[in-house]
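Going by my numbering, the first residue of the sequence shown is number 246, and it counts up by one from there.
Please keep in mind that the hints were generated in silico from the structure rather than gathered at the bench.
From the three backbone atoms N, C-alpha and C, an ideal C-beta is built for every residue, glycine too.
Where hints are given, some of them may not hold.
Okay, derived cross-link-like pairs now, EDC-like style, lysine to aspartate or glutamate, Cα gap no bigger than 16 Å in a straight line [unchecked claim]:
hint, residue 1, residue 2
1, Lys336, Glu349
2, Lys319, Asp308
3, Lys348, Glu358
4, Lys319, Asp265
5, Lys281, Glu358
6, Lys359, Asp330
7, Lys348, Asp330
8, Lys348, Glu335
9, Lys305, Asp316
Across the chosen pairs, the derived CB separations fall in these ranges [said to hold, decoys possible]:
hint, residue 1, residue 2, range
10, Gly313, Asp278, 27 to 33 Å
11, Asn344, Asp316, 32 to 38 Å
12, Ser356, Ser261, 36 to 42 Å
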Amino acid sequence: MSDIKNQLFLDARSYSGWLDQPVTEAQVHELYDLTKMGPTAFNGCPARFVFCHSQASRDKLADCVMEGNVDKVKTAPLVAIVALDLQFHEKLPELWPHNPEVKEYYTDPASAEKTAMRNGTLQGAYLMMAA
């Protein structure tokens, strides 16, 4: 098995600690640029990311997380929030130009929500793998 497969699937772990150094804007852009290239249904890309750089933003977020994650959120150099755009399908004519009618697949809100959850979760995983 190649080194990259080992790195991504066999050696990767969730970490509870990190280096005491900032994550730069350039690093965030590099991670996002990799993440956005991961496959989603019809290139829909329903995930929306909020990156909490400042201590104030992380302190505010800490009030919203499970107790076991409060210290992690407060001390991390950067926290990423993965959200979903339930209106992602409105951009499909631009993202899937050879078949712009595909946006009609998601006129039912339940279908749009299910697809956003499935594909947005994938995008969150892509971000973690890129990091």
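Comparing the hints with the structure gives:
For the hint pairing Lys336 with Glu349, the CA-to-CA distance comes to about 11 Å; that is within 16 Å, so the pair holds. Pair hint Lys319 plus Asp308 holds up; C-alpha atoms about 10 Å apart against a cutoff of 16 Å. Among the hinted pairs, Lys348 with Glu358 is consistent with the structure: their alpha-carbon atoms are about 13 Å apart, no more than 16 Å. Under the criterion of a C-alpha separation no larger than 16 Å, the hint pairing Lys319 with Asp265 is consistent with the structure, at around 13 Å.
For the hint linking Lys281 to Glu358, the alpha-carbon distance of about 19 Å lies beyond 16 Å, and the restraint is violated. For the suggested pair Lys359 and Asp330, the alpha carbons sit about 11 Å apart, so the restraint of at most 16 Å is met. The straight-line distance between the Cα atoms of Lys348 and Asp330 is roughly 14 Å, inside the 16 Å bound, and the hint therefore holds. Under the criterion of a C-alpha separation no larger than 16 Å, the hint pairing Lys348 with Glu335 is consistent with the structure, at around 6 Å.
For the hint linking Lys305 to Asp316, the alpha-carbon distance of about 12 Å falls within 16 Å, and the restraint holds. In this structure the supplied range 27 to 33 Å holds for Gly313 paired with Asp278, their Cβ-Cβ distance being about 32 Å. Roughly 48 Å separates the CB atoms of Asn344 and Asp316, a value that falls outside the hinted 32 to 38 Å. Distance hint check: the CB atoms of Ser356 and Ser261 are about 38 Å apart, consistent with the given range 36 to 42 Å.
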